[in-house]
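So the protein lines, in turn, are chains A and B.
If you read the first sequence in the numbering used here, its first letter stands for residue 1, the second for the next number, and so on.
If you read the second sequence in the numbering used here, its first letter stands for residue 1, the second for the next number, and so on.
Read the hints as simulated data drawn from the structure, not as lab findings.
For each residue, glycine too, the CB sits at the ideal point set by N, CA and C.
Keep in mind that a hint or two might mislead.
Stretches of chain B that chain A covers, calculated by requiring three or more beta carbons in the stretch to come under 8 Å of a beta carbon on chain A [to be verified]:
#1 79-89
#2 95-107
#3 119-127
#4 150-161
Under 10 Å between C-beta atoms, here's a sample of chain A residues computed to sit facing chain B [said to hold, decoys possible]:
#5 Phe84
#6 Ile88
#7 Tyr121
#8 Arg123
#9 Gly153
Away from chain A, derived, C-beta distances all over 10 Å, residues of chain B [said to hold, decoys possible]:
#10 Thr8
#11 Thr48
#12 Asp56
#13 Lys57
#14 Cys61
#15 Ala171
#16 Arg179
#17 Trp202
#18 Ala215
#19 Ile228
#20 Ser294
#21 Arg297
#22 Ser328
#23 Thr349
2 protein chains.
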Amino acid sequence: MTGPVHQTLEVGLGNRAYPIHIGPGILNAAELVPADLAHRDTLVVTNTTVAPLYLDKLICCLHGRRTETLLLPDGEQYKTLESFTRIIDRLAELAYHRDAVLIALGGGVIGDLTGFAAACYQRGIALVQVPTTLLAQVDAAVGGKTAVNHAAGKNLIGAFYQPRAVIADTATLATLSEREYRAGLAEVVKYGAGLDAGFFAWLESHSQKLVDRNAATLTEAVMRCCSIKAAIVAEDEREAGRRALLNLGHTFAHAIETGTGYGQWLHGEAVAVGIIMAAELSVRLGRLQQGDASRVRALLEAFGLPGQPPPIGARAMRELMAMDKKVSAGRLRLVLFDGLGASSMEADTPLDELAAVLAAAGSG
Amino acid sequence: MTGPVHQTLEVGLGNRAYPIHIGPGILNAAELVPADLAHRDTLVVTNTTVAPLYLDKLICCLHGRRTETLLLPDGEQYKTLESFTRIIDRLAELAYHRDAVLIALGGGVIGDLTGFAAACYQRGIALVQVPTTLLAQVDAAVGGKTAVNHAAGKNLIGAFYQPRAVIADTATLATLSEREYRAGLAEVVKYGAGLDAGFFAWLESHSQKLVDRNAATLTEAVMRCCSIKAAIVAEDEREAGRRALLNLGHTFAHAIETGTGYGQWLHGEAVAVGIIMAAELSVRLGRLQQGDASRVRALLEAFGLPGQPPPIGARAMRELMAMDKKVSAGRLRLVLFDGLGASSMEADTPLDELAAVLAAAGSG
Chain A
1 MTGPVHQTLE VGLGNRAYPI HIGPGILNAA ELVPADLAHR DTLVVTNTTV APLYLDKLIC
61 CLHGRRTETL LLPDGEQYKT LESFTRIIDR LAELAYHRDA VLIALGGGVI GDLTGFAAAC
121 YQRGIALVQV PTTLLAQVDA AVGGKTAVNH AAGKNLIGAF YQPRAVIADT ATLATLSERE
181 YRAGLAEVVK YGAGLDAGFF AWLESHSQKL VDRNAATLTE AVMRCCSIKA AIVAEDEREA
241 GRRALLNLGH TFAHAIETGT GYGQWLHGEA VAVGIIMAAE LSVRLGRLQQ GDASRVRALL
301 EAFGLPGQPP PIGARAMREL MAMDKKVSAG RLRLVLFDGL GASSMEADTP LDELAAVLAA
361 AGSG
Chain B
1 MTGPVHQTLE VGLGNRAYPI HIGPGILNAA ELVPADLAHR DTLVVTNTTV APLYLDKLIC
61 CLHGRRTETL LLPDGEQYKT LESFTRIIDR LAELAYHRDA VLIALGGGVI GDLTGFAAAC
121 YQRGIALVQV PTTLLAQVDA AVGGKTAVNH AAGKNLIGAF YQPRAVIADT ATLATLSERE
181 YRAGLAEVVK YGAGLDAGFF AWLESHSQKL VDRNAATLTE AVMRCCSIKA AIVAEDEREA
241 GRRALLNLGH TFAHAIETGT GYGQWLHGEA VAVGIIMAAE LSVRLGRLQQ GDASRVRALL
301 EAFGLPGQPP PIGARAMREL MAMDKKVSAG RLRLVLFDGL GASSMEADTP LDELAAVLAA
361 AGSG
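Only chain A is shown next, with the shape it has when bound in the complex (with noise of 0.2 Å):
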């Protein structure tokens, strides 16, 4: 028996390599998971929107010694310390030990955390990934970052933790509410305009099928967006240098998301603002010119994705800015693009033609 076709790549990690399985209805193509951890015990953690969508179809063909569920509810204010303790408690409460796999199932939110908790239970055990949201397909699910938020600050509490493998079915994408997909297309462009202009462009000349979810139109746009990032992490596992770029617009966003209250902006429309805010400062700082800005935003435009911040306020947009992961020794870390499709990290962002920035942008 053949199964859906698909594609793979391979995040080249040494002994931590993993693959990752794309194409349309592949949620169910058993063999994907990998053979060691076929038949060990199982928790699939999912959320209440995408269980009575996937759940059954991707149970029905695991083989697990056990194979329990645990279902969260739905939204980024719900990726806590509280919910990572849920799922601890839940594998503890089975019983469940070292050689147990935990499979999450649904966006970056449910991948994030329980990453997280795979990551820290008896000091880690495997997970499979398997994201259902193109936000997850493309970025979240890929790389081993996990971590829940703090009052103080995104992804605040984490680890660098990568799955065994990652399991992205495009027909899924196919049930995404219109704003949740759009959202993801941020991350999307993120990766064409920081780092690929080829691919921007090609992004541009597609975006009418992109926004129709033309079904192989987007899994080639999962397909490139996972081959940079996989590329990326392979060479930069930690974020010691050159991941960091994969953060274009996300010192904004998370700014955004923090200044919000987690839930109220979905991460990608964050995204989409902190794409365009790096693009502005960056041609105040002449490195990139004010036709590609406009590119830029225009792609954004055409996804229907937000082109203002929020009225929180410039100044506390700055305040928030400065609780980023990327400051180092008191000086704001930004990404900034150095022309159309490349980027590299600016050490020490001057802060007054920031606050122009966020001025303009109406934040203040």
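Starting from the known structure of chain A, arrange chain B on it as the hints suggest.
Below, chain B alone, put in the same frame as chain A:
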């Protein structure tokens, strides 16, 4: 100016290698803090017992940009996610960044807790261990195992996370309570009994000097334990093999600690009983001579350590042991003797023989 005399071992972990400095009076030897950490934002975590004795002495030698302290209550019952959260909250409140340094000043509880917080805050910040108990100096502070307890099991939530340096001031052992000090000797005996017959014989011939806390003898004992542990950790950081031998007696011990309620038995006291029970089971299985088992018991008794488990019942003990992290594929894996000074992992412990040992030990 020359500081106090000390010796230095290295834990050979490639680009994560780190020194263990051992000697009397080195608590305030500022030059032992790795140079690149010396001027960063620093948070010292300690407890209310250790703080009045050593906090000022340590802090006076630090030159961090900011040096703050956090005092936690003393005791195994505080090695919880709640205490972990207190450390994280304090770091966030101070707006400390990824370049901050955590210093753990205290025994195994402070070291494990602070180490786990260092592993998770912003996905990992620098950690220096300054152990002030014998147990922490010979075991907990070295090797990167960090954790907190869960009602269902000891050290159930944690991470492998190596410190940047360990500074073991053996002069601090003079102020330990008799009970704390003797508990630490159980871990010292573990190294000899399970891994090094020559060291076991040395312990027998120096037992009175150790009971008397002779400074030179103590420093040599700490050195020898740390060098055994450093070699094992360098070979098997994440306990895929040989490192598990450092858990001699610990499956019994964790069951005792969980079963009596954390904080009732000191970890080392439970380890002493665990080593004796492992010896008795090894005798029953023909892996250890009765005379050698008696030598193990005699040395632990000479150190004033308990030889009998608490009356929590053989059945409860077995159920608690079944939660151990070393359980795999439903089989109870136990470290057992292969003669005195040697040990190996028994992958499928005969449960009837285990039951006989538990019953004979009076835990039933």
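Practice item. Would you check whether the claim that Arg179/B is not at the interface survives, using Cβ distances to chain A and the 10 Å cut-off? Key: The claim holds: Arg179/B sits with its nearest Cβ about 29 Å from chain A, beyond 10 Å.
Check your understanding: Can we trust that Thr349/B is non-interface, i.e. its beta-carbon lies farther than 10 Å from all of chain A?
Key -> holds (15 Å)
Review point. Taking the closest pair, is the beta carbon of Cys61/B still more than 10 Å from chain A?
Key: Its Cβ never comes within 10 Å of chain A, the nearest being 22 Å, so this holds.
**Study point:** Closest CB of chain A to the CB of Thr48/B still more than 10 Å away
**Key:** Non-interface label on Thr48/B holds, nearest chain A Cβ at 25 Å vs cutoff 10 Å.
Review point. Checking C-beta pairs, does the stretch 79-89 of chain B have three or more residues closer than 8 Å to chain A?
Key: holds (count 4)
Check your understanding: For the hint on Tyr121/A, does the least C-beta distance to chain B fall short of 10 Å?
Key -> holds (7 Å)
Exercise for review: Tell me if chain A covers the stretch 119-127 of chain B under the three-residue, 8 Å CB rule, please?
Suggested key: holds (count 6)
Point to revise | Consistency of the no-contact label for Arg297/B, given chain A and a CB cut of 10 Å | key: holds (31 Å)
Review point. Hey, does Lys57/B actually stay past 10 Å from chain A on C-beta?
Key: holds (28 Å)
Exercise for review: Measuring Cβ to Cβ, find out whether Ser328/B lies farther than 10 Å from everything in chain A.
Suggested key: violated (5 Å)
Exercise for review: Grab the minimum C-beta distance from Phe84/A to chain B and call the hint holds if it beats 10 Å, violated otherwise.
Suggested key: holds (9 Å)
Point to revise | Cβ separation check - Thr8/B to all of chain A, threshold 10 Å | key: It holds; Thr8/B is separated from chain A by about 27 Å at its closest Cβ, greater than 10 Å.
In terms of the numbered hints stated before, the structure departs from hint 22 and from no other.
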